[in-house]
Amino acid sequence: MSDGGRRVLLNRVLLHWLILALLPSCTYIRKEYGRPLHHDGSTLEAGTDDLAAVLEVLGPPSQVSAMGSGFALLYESLGITERQLGLSFGNLIPQGDLIEPSVGWAATEREDLLLIFDAERRLVDRRYMREDISLGLGGGVETIFTVSNLVDTSSLQDPFDVHAWGTELLEPLPRALNRGQSLDHGEAGLQLRGTPTRVGQHTLDRP
Amino acid sequence: MRHLQVLVLIVPCLLAGCITSSGRSGVENRWRAESAPRFIVGTTTRAEVLTALGPPSQLIRLDGGMCLYYLTEDTGETSIILVLFNSTWTKTRYDRAIFFFDEQGVLTEFSTSVEPLEYDGEE
Numbered sequence: 001m002s003d004g005g006r007r008v009l010l011n012r013v014l015l016h017w018l019i020l021a022l023l024p025s026c027t028y029i030r031k032e033y034g035r036p037l038h039h040d041g042s043t044l045e046a047g048t049d050d051l052a053a054v055l056e057v058l059g060p061p062s063q064v065s066a067m068g069s070g071f072a073l074l075y076e077s078l079g080i081t082e083r084q085l086g087l088s089f090g091n092l093i094p095q096g097d098l099i100e101p102s103v104g105w106a107a108t109e110r111e112d113l114l115l116i117f118d119a120e121r122r123l124v125d126r127r128y129m130r131e132d133i134s135l136g137l138g139g140g141v142e143t144i145f146t147v148s149n150l151v152d153t154s155s156l157q158d159p160f161d162v163h164a165w166g167t168e169l170l171e172p173l174p175r176a177l178n179r180g181q182s183l184d185h186g187e188a189g190l191q192l193r194g195t196p197t198r199v200g201q202h203t204l205d206r207p
Numbered sequence: 001m002r003h004l005q006v007l008v009l010i011v012p013c014l015l016a017g018c019i020t021s022s023g024r025s026g027v028e029n030r031w032r033a034e035s036a037p038r039f040i041v042g043t044t045t046r047a048e049v050l051t052a053l054g055p056p057s058q059l060i061r062l063d064g065g066m067c068l069y070y071l072t073e074d075t076g077e078t079s080i081i082l083v084l085f086n087s088t089w090t091k092t093r094y095d096r097a098i099f100f101f102d103e104q105g106v107l108t109e110f111s112t113s114v115e116p117l118e119y120d121g122e123e
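The listed protein sequences correspond, in order, to chains A and B.
Going by our numbering, the residue at position 111 of the first sequence is 111; the numbering climbs one at a time, nothing skipped.
Going by our numbering, the residue at position 10 of the second sequence is 10; the numbering climbs one at a time, nothing skipped.
None of these hints come from the bench; they were simulated from the model.
Be aware that one or more of the hints could be misleading.
Restraint-style ranges between C-beta atoms, simulated for each label pair [claimed, not checked]:
| # | chain 1 | residue 1 | chain 2 | residue 2 | range |
| --- | --- | --- | --- | --- | --- |
| 1 | B | Cys18 | A | Asp50 | 23 to 29 Å |
| 2 | B | Gly76 | A | Ala107 | 20 to 26 Å |
| 3 | A | Ser134 | B | Ala52 | 44 to 50 Å |
| 4 | A | Arg122 | B | Leu82 | 27 to 33 Å |
| 5 | A | Leu173 | B | Ile40 | 25 to 31 Å |
| 6 | B | Val106 | A | Thr43 | 26 to 32 Å |
| 7 | A | Ser134 | B | Phe85 | 20 to 26 Å |
| 8 | B | Thr51 | A | Arg122 | 20 to 26 Å |
| 9 | A | Arg12 | B | Pro116 | 39 to 45 Å |
| 10 | A | Glu171 | B | Leu82 | 40 to 46 Å |
On the chain A side, residues computed to face chain B include the following (Cβ under 10 Å) [said to hold, decoys possible]:
| # | residue |
| --- | --- |
| 11 | Ile29 |
| 12 | His38 |
| 13 | Glu45 |
| 14 | Gly47 |
| 15 | Asp49 |
| 16 | Leu51 |
| 17 | Gly68 |
| 18 | Gln84 |
| 19 | Gly86 |
| 20 | Leu114 |
| 21 | Ala119 |
| 22 | Glu187 |
Where chain A lies over chain B, by a calculated footprint (3+ residues, C-beta under 8 Å) [stated by the list, open to error]:
| # | stretch |
| --- | --- |
| 23 | 28-37 |
| 24 | 50-60 |
| 25 | 89-99 |
| 26 | 115-122 |
For glycine and all other residues, C-beta sits at the position ideal for the given N, C-alpha and C.
Looking at chain A on its own, in the form it has when it is part of the complex (with noise of 0.2 Å):
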């Protein structure tokens, strides 16, 4: 092959590379945490009804606590969603192959719904929430090989505090010695998945 013919199959070779390292990729991250809540307890009606009409209705919830003389039942539904732009550099910064600079950005959309009883186990409030909230941006450099998320999403992801109900007291000092008011044991009250954990009665989890 001339030289002419190398150098035109060279430039042709780099063009190919530089084509596929500079396009964007794109990354979508999704995690769905239960399904969408088949009802919003509309045709519940506080005063009426009563907790076998809201179970044969809703089924089981995802949280449940004693509150003073009665309790309340939290449904809860949850998805997240991410979208990652990243940019390759290919061969032109060394190692630029295997790098990838990326932004990222989150969503949720929620559906929560509170049903709150008295001692006699009668319906006496209901409230329902859908948000799709925001979760901010996110940006890092990744492998090629990888695929992580940007945005802190930790907060939602937590598994449920029932899983380990059970060895609540085998926790260090001062957890153990407050899990009467702790938001995890059932007997203390509900949190909505996501509630930041520095205030309220989480503070006492702190050493």
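Use these hints to put chain B onto chain A, whose structure you have.
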């Protein structure tokens, strides 16, 4: 040259990948077993529920009774890495059972999830 062009186009495809994973946590959803007993309001006792389903995920004292709450959590994740486009989808599904009892330990209300998870335990 044509071979080189094909190679340049194929290499990114070789970097593509697909990942699936799944996991389950919480209690066994024994209320889905074929051998699970029928629960009858006014008749079934707390002891019978505990015998049939085992320890609950959570036990809550209520005024005039008690509540047993069972939770099974199933998570499945699928990832596709095509370099130019990547996608990860995680679905967490729940199977729940809740039982309310009066002070005598007799079942007053109960419910199980509308959409069940498959039961993988012993019958």
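Could you work out which earlier hints the structure fails to respect and list their numbers in ascending sequence?
-> Hint check: 1, 4, 5, 8, 9, 13, 14, 15, 20, 23 and 26 fail, others pass.
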